[in-house]
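K.L.:
All chains, please: the whole structure from these sequences, using the hints.
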Amino acid sequence: MIPELGHFALILALAMALVLAIMPMIGSLSNTPSWVALARPLAWGQFTFLLIAFACLVNAFLVNDFSVTYVAQHGNTRLPNIYKISAVWGAHEGSLLLWAFILSGWTLAVALFARQLPDVMIGRVLAVMGMISIGFLSFMLFTSNPFARTFPVPLEGGDLNPLLQDFGLAIHPPMLYMGYVGLSVAFSFAIAALVGGKLDISWARWSRPWTTVAWVFLTIGITLGSWWAYYELGWGGWWFWDPVENASFMPWLAATALIHSLAVTEKRGAFKRWTVLLSLLAFSLSLLGTFLVRSGVLTSVHSFAADPARGLFILIFLCIVIGGSLVLYAWRAPNVTSGGEFSALSRESLLLGNNLLLIMITAFILLGTLAPLIYDAFGWGKISVGFPWFNTMFVIFTPFLVLLMGLGPLTRWKQQDAADLVRQFRIALLASLGAGLLAALPLLHEGSVYAGLAVMLSVWLTTTLLLSLRKRLRHRQGFGAFLKDIRARGGGSYYGMLLAHFGVAVFTIGVTFVTLFDVEKDVRMAPGETLELAGYTFRFDGVEKIQGPNYRADRGTLHVSRHGQDVAVLKPEKRTYLVQTRPMTEAGIDAGFFRDIYVSLGEALDAGSWSLRLYYKPLVRWIWLGGILIAIGGLLAAFDRRYRLAVRRDVAATAAPPGDALATEGPA
Amino acid sequence: MSRKLRYLVPLAVFLLLAGLLFRGLSLDPKLVPSPLIGKPMPAFTLPRLQDPDATISDADLRGEVFLLNIWATWCTACRAEHDVLLQLARTGKVKLYGLNYQDQRPDAQRWLRQLGNPYVANAFDADGRTGIDWGVYGAPETFVIDRDGIIRHKHIGPLTVEVVNRDILPLIETLKSGRS
Amino acid sequence: MSTVKTILLAVLLTLSVSVFAAATLEAFKFTSAADEQHFKELIVELRCLVCQNQSLLDSDAELAHDLRVEVYDMLQAGQADTEIIDFLVARYGDFVLYSPPVKPSTYLLWFGPFVLLAVALVLLVFALRRQRHATDQKPITDMDRQQLDRILGKRGNRTDRES
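Top line first, the protein sequences correspond to chains A, B and C.
Number 285 in our numbering belongs to position 285 of the first sequence; there are no gaps in the numbering.
To convert, take the position in the second sequence, counting from 1, and add 668; that gives our numbering.
To convert, take the position in the third sequence, counting from 1, and add 848; that gives our numbering.
Hints were generated in silico from the structure; no laboratory data involved.
The reader is advised that the hints may include incorrect statements.
In silico EDC-like cross-links for lysine to aspartate or glutamate, where the CA-CA straight-line distance does not exceed 20 Å [to be verified]: (1) A:K521 - C:E884; (2) B:K698 - C:E893; (3) A:K521 - A:D541; (4) C:K877 - A:D606; (5) C:K877 - A:D522; (6) C:K877 - A:D376; (7) C:K877 - A:E532; (8) C:K877 - C:D934; (9) B:K698 - A:D376; (10) C:K951 - A:D376; (11) C:K888 - A:D518; (12) B:K761 - B:E732; (13) A:K521 - C:E889; (14) B:K763 - B:D816; (15) A:K382 - B:D801; (16) C:K888 - A:D522; (17) A:K382 - B:D696; (18) A:K382 - C:E884; (19) C:K888 - A:E603.
P.N.:
Laid out in structure tokens, this is it:
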């Protein structure tokens, strides 16, 4: 009964989405405020019904209702409760439901928190989000219904993919989806502005915090995914340039370009057409990612069960959403006047350069990801494009990006005197070149050039940030003034930028050092045997059998010491889940700020000895530390006081009546 | 005019991409065509499946058009295509040889006893080395070889009646009749 | 019973796409750490054909195991990397290489990004030049400003304090 309730709630949500997509949009075009006013209640309704549907599916997993096909495939009575909940988004159908639910959540958030917007604008934004929702809900209802029943009812479920029975992966998809779907807000703002024919700086100001929040979620989601891959997959890798990883990285890059471009549009009124195009691009890339992951056109480590019929549905949906939005763009953009002139050396021009580089990087990742498909489609043979190619391209392109990142904050808007800029960054340049050389020289071997380059770029980034900070605080003496400045209007944006850019410096160092200087060894060890790796002594104390809730495991014990001092006891496991019997590795990791020690358990060999893989990974935590800093920076920027002030003032002031708003916001 | 056309560029790029993705839906990314097509078949000398003391080599097969089917008892798809192989053998249109790949000899012998034997002879490739030379990456796979010992076609995955009628038999007819 | 089977089969089909465990390398013997490193660097750039985007180093598929042994034997026999790569490409095609060879058919892949970059730079230069000759438009129109002030309830201090 409850699954039918869920199914019915989905249908009602679709009905809500249909009305939401049509009525407010028509109302906004035909000056019918009462139709426009439907948008907010409909957003509420859609959210409520999807909440019900989602709760029904969670319930089905919790009570082991194996009459629901999806639960029978991915649930299990012995699954711990937390993984019963995360099993909801563990495969195709349920993850779509999560996607749709999150979309309705964002829709409601816009309806609730974007009160400063004119009703017409809000109506249009929500209508566009309703259109996207129609696509996903009908996709779910027509091809991938999570509530479909099965008969006869099996006694036990197929269990959740063991790889996903992990805390990191339980929260990774929701974060990622918050990011993907959050970009639909920027998309909808852009479409609403294009429909209105009025792309002004207020549009950029409205769109900006939403875009930043979505970008923060995307950052967290990608960071979590990389961390999860590191400790769960058992080979110590944290990024493989797999199509699924690229599918999340491309929207992130486009969104990164977008938040910078939005800053220019908001502050200077320039780049309007470019910003609106990026808004469309960022969300389009997250839709493209959905297609790549679910259609089976590419081979990936983590893709969903592929189905060309689903692929076709998503492709048609892509054509409608992306194609439609680009037609609108081609029609409206030529009439947009771009303002905010600037000279060839100015913060605007540097940000334009940064945008261009980010989009170039996105483009080559897209090329590399789709290359196997392109070559196959044109009959040029089957090829694989893997990490060697991506790394090569990435290392060629990104240093320029970092150089610009250093210059940007030191440069003035509108016009910058070149000599003055050089005077400012002189010290940073010297410091970074010096540090780079210092790092490269003592390590003179194959990789030292890259180490030197990474240190140089990081020091360059850090010192230019410090110079910018000094400049900002020149007239604010004392720590109190500094704290006040953080909380001031515009303070969040500035310090958020500082933190996020610093995160990139930390990330760069982490990536380079762990890539160049990690030590790895495949060994065979008998109990009691010791072994040296990177200055650490590993003593293998044998393997014991343990019993988990839904798996059996062999658990090894290794004592790690250094110069006679105990460092850690690692307990790597090799699990065999009861239903899905493929062996899973759980690495034993001693995490540290400067290094990780990582052990994964291989196979039992003769006489109690085991094959083991030992790793020493210097600075690997800096990769995710960088990601966290970037995300916190984004949050600071998104919650800058000026956005909140705007909301509060608006609530205090009497809002303009809808009719008035229509008069000023009517179709161009 | 050209100013307005500029704004159509993103749409054009997307349409190209959409066309590519549409084409992708009907392609299988896991299907890797063999670079051996058009090349002489790799040499091998292996024990026979049914008679461990006798050997079979590529020279024994050469001389007429034949099929080489890679199979194993651990391969579920091989079970699925076995009836098709039997039917094909019964037509007498082409000689079918087998390469029993990374298998246990008793298992394979029992398989043929119980399900019927469509093969003229089977080579027994216990360690899969010959399989590597033939570029085998999973069973079942089926090669079509012409009378000069040149590999003409490779089918990856189980043979079905449809595949046999559409791809295999017409090719065999051409190879038999035409001057290849 | 048959339903359970069907479901299990469905699950298996689903999971053959998504499940994999880390490979355990056979206990290969190497004379030096450099040899071991060399072996790993070689096989990490070779793709396991039957797997879902995994290298020979990372996969524990049967074929990956066989090919590792093959590569190990060839290295021990003193064969050069290029010979080993040629050996595999002759059997499986360029698909086994994570780093596609540079040849006319892959120029698009290897040089495409730079062509794109060149085009982008040209566009950038044009955009900046056009910007310099731009007519003196006001960055923000008065109407925009009034509307923004009304909506955001802004008071006098209107410039942001970023330098």
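K.L.:
Run every hint past the structure and note whether it holds.
P.N.:
Okay, the hints, checked on the actual structure:
no.: 1; hint: A:K521 - C:E884; verdict: 8 Å, holds
no.: 2; hint: B:K698 - C:E893; verdict: 18 Å, holds
no.: 3; hint: A:K521 - A:D541; verdict: 18 Å, holds
no.: 4; hint: C:K877 - A:D606; verdict: 16 Å, holds
no.: 5; hint: C:K877 - A:D522; verdict: 10 Å, holds
no.: 6; hint: C:K877 - A:D376; verdict: 39 Å, violated
no.: 7; hint: C:K877 - A:E532; verdict: 17 Å, holds
no.: 8; hint: C:K877 - C:D934; verdict: 24 Å, violated
no.: 9; hint: B:K698 - A:D376; verdict: 11 Å, holds
no.: 10; hint: C:K951 - A:D376; verdict: 16 Å, holds
no.: 11; hint: C:K888 - A:D518; verdict: 13 Å, holds
no.: 12; hint: B:K761 - B:E732; verdict: 12 Å, holds
no.: 13; hint: A:K521 - C:E889; verdict: 13 Å, holds
no.: 14; hint: B:K763 - B:D816; verdict: 15 Å, holds
no.: 15; hint: A:K382 - B:D801; verdict: 19 Å, holds
no.: 16; hint: C:K888 - A:D522; verdict: 10 Å, holds
no.: 17; hint: A:K382 - B:D696; verdict: 11 Å, holds
no.: 18; hint: A:K382 - C:E884; verdict: 30 Å, violated
no.: 19; hint: C:K888 - A:E603; verdict: 19 Å, holds
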